[in-house]
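> If you're matching them up, the sequences are chains A and B in order. The numbering of the first sequence is our numbering, which starts it at 1 and goes up by one. The numbering of the second sequence is our numbering, which starts it at 1 and goes up by one.
Hints should not be assumed to be uniformly reliable.
Said to hold, decoys possible - Straight-line Cα separation of at most 25 Å, DMTMM-like style, residue types lysine to aspartate or glutamate; simulated pairs:
| no. | chain 1 | residue 1 | chain 2 | residue 2 |
| --- | --- | --- | --- | --- |
| 1 | B | Lys258 | B | Asp219 |
| 2 | B | Lys18 | A | Asp42 |
| 3 | B | Lys62 | A | Asp42 |
| 4 | B | Lys120 | A | Asp42 |
| 5 | B | Lys215 | B | Glu241 |
What the hints contain is simulated information worked out from the structure, not anything from laboratory work.
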Amino acid sequence: SQPLAGGQAAELQSKVVPSKQILHSNNMEMEPETMETKSVTDYFSKLHMGSLVYSCTSKRKNK
Amino acid sequence: RMEASCLELALEGERLCKAGDCRAGVSFFEAAVQVGTEDLRTLSAIYSQLGNAYFYLQEYAKALEYHHHDLTLARTIGDQLGEAKASGNLGNTLKVLGNFEEAIVCCQRHLDISRELNDKVGEARALYNLGNVYHSKGKNVANAGTHDPGELPDDVKNALQKAAKYYEENLSIVTELGDRAAQGRAFGNLGNTHYLLGNFRSAVLAHEQRLLIAKEFGDRSAERRAYSNLGNAYIFLGEFETAAEYYRRTLQLARQLKDRAVEAQACYSLGNTYTLLQDYERAIDYHLKHLVIAQELHDKACWSLGNAYTALGNHDQAIHFAERHLEISREVGDRSGELTARLNLSDLQMVLGLSYSTNNSMMAESQAVENSLNGGRPRGRRYSMENMELMKLTPEKVPNWN
């Protein structure tokens, strides 16, 4: 019948399928990389480091 | 004395990088390398940080070089933990450069050593890196063709399934360690991997977890990423209203974070979503918003490229971009952009001693545009983007603008 056909048409209309084009506009947002870190202070004993830093800072003060 | 000096420079480099000024940090680290040190562990740490600084500055060839030096050094001195770290960093860099097979070898090395040393934190980080390499590898091959999520060639599917497996393994360790930030990262990338595999429900679940953790940390960038990824997944679940809601939140946050490129992308996604919802008026509205920002970004790119080429003395290229800028400004009827482009071209002509032949009407037209704008010749062209933005990006601020 007429109304049914209209309903079917409406149903067809509402079944819009996302196209490939729309997919490729969807930017996927990735999480950041994690890099491993090293520090020059990692390998110094606190004592050794302390004396070096002291010599650095005292040198700086003398400038 | 020399030792202290190298160390002093390196410490300043570390301080600057921690403060977020990688460019300055690099200068200090390179100075430290120049001075030199006999302590190979110190040198290894300097190389590693130079590699990371260049990585963040997106100078991947240099990052590769320094991480490679670090790896060689770590092996030389028999520093296993140092070798593991260098391998991981090298792997991440190779991944960005698209060298997936070597990246896998390096990240696997990072994983193997971490397991040998019973280093759970290192193991988890290596698993995350491996997941990222396989994800990139899969995406890279998938992009070569045009596939919708879910309809994938076998090699792509294999790579993505491996990525998912590594993210899951990473998640089980970081959950055990109670490292919420790491969980957030893994959920985000796992969600994107499920999305590419066509497992949209799983993608939604992962991104919802990511969203939760982002809110816990008050990390608005991560929150925005989660909204955007949720929007993408709901599109393919055919739930366009929900997708639109998430894209609207993406847009809201992009504006708060003042990220114009992301704002443009969100407008574009919304335009597409309203097209699917058959609400064409709104679709047009968002596509126009996208167009305005895209134009602005294009202008900025032309401007920056023109500046860079001028600085290099490459006037042909500088003129090429100034002309493109002019062409596009004319096409979209951006009168102030047109003026800026004309003035740039005339500046370049002067630099070239007028050897550059142009149509003669250009200068006359320039004058006409300038008069119509009622603005003087903007000062500081080619030196200040701000002036140009005042001239060009905000026509409503130009007096007597029609």
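> Each hint should be assessed against the structure and marked as holding or not.
Hints and how they fare:
1. Of the pairs offered as hints, the one joining Lys258 (chain B) and Asp219 (chain B) holds, with about 15 Å between alpha carbons and a cut-off of 25 Å not exceeded.
2. For the proposed pair Lys18 (chain B) and Asp42 (chain A), the alpha carbon gap of about 15 Å is at most 25 Å, so the pair holds.
3. Annotation: proposed proximity of Lys62 (chain B) to Asp42 (chain A) holds, straight-line Cα distance about 24 Å (limit 25 Å).
4. Our distance criterion of 25 Å between C-alpha atoms is met by Lys120 (chain B) and Asp42 (chain A), whose separation comes to about 19 Å.
5. Between Lys215 (chain B) and Glu241 (chain B) the CA atoms are separated by roughly 23 Å; this keeps the pair inside 25 Å, and the hint holds.
Comparing the model with each numbered hint stated earlier shows that all of them hold.
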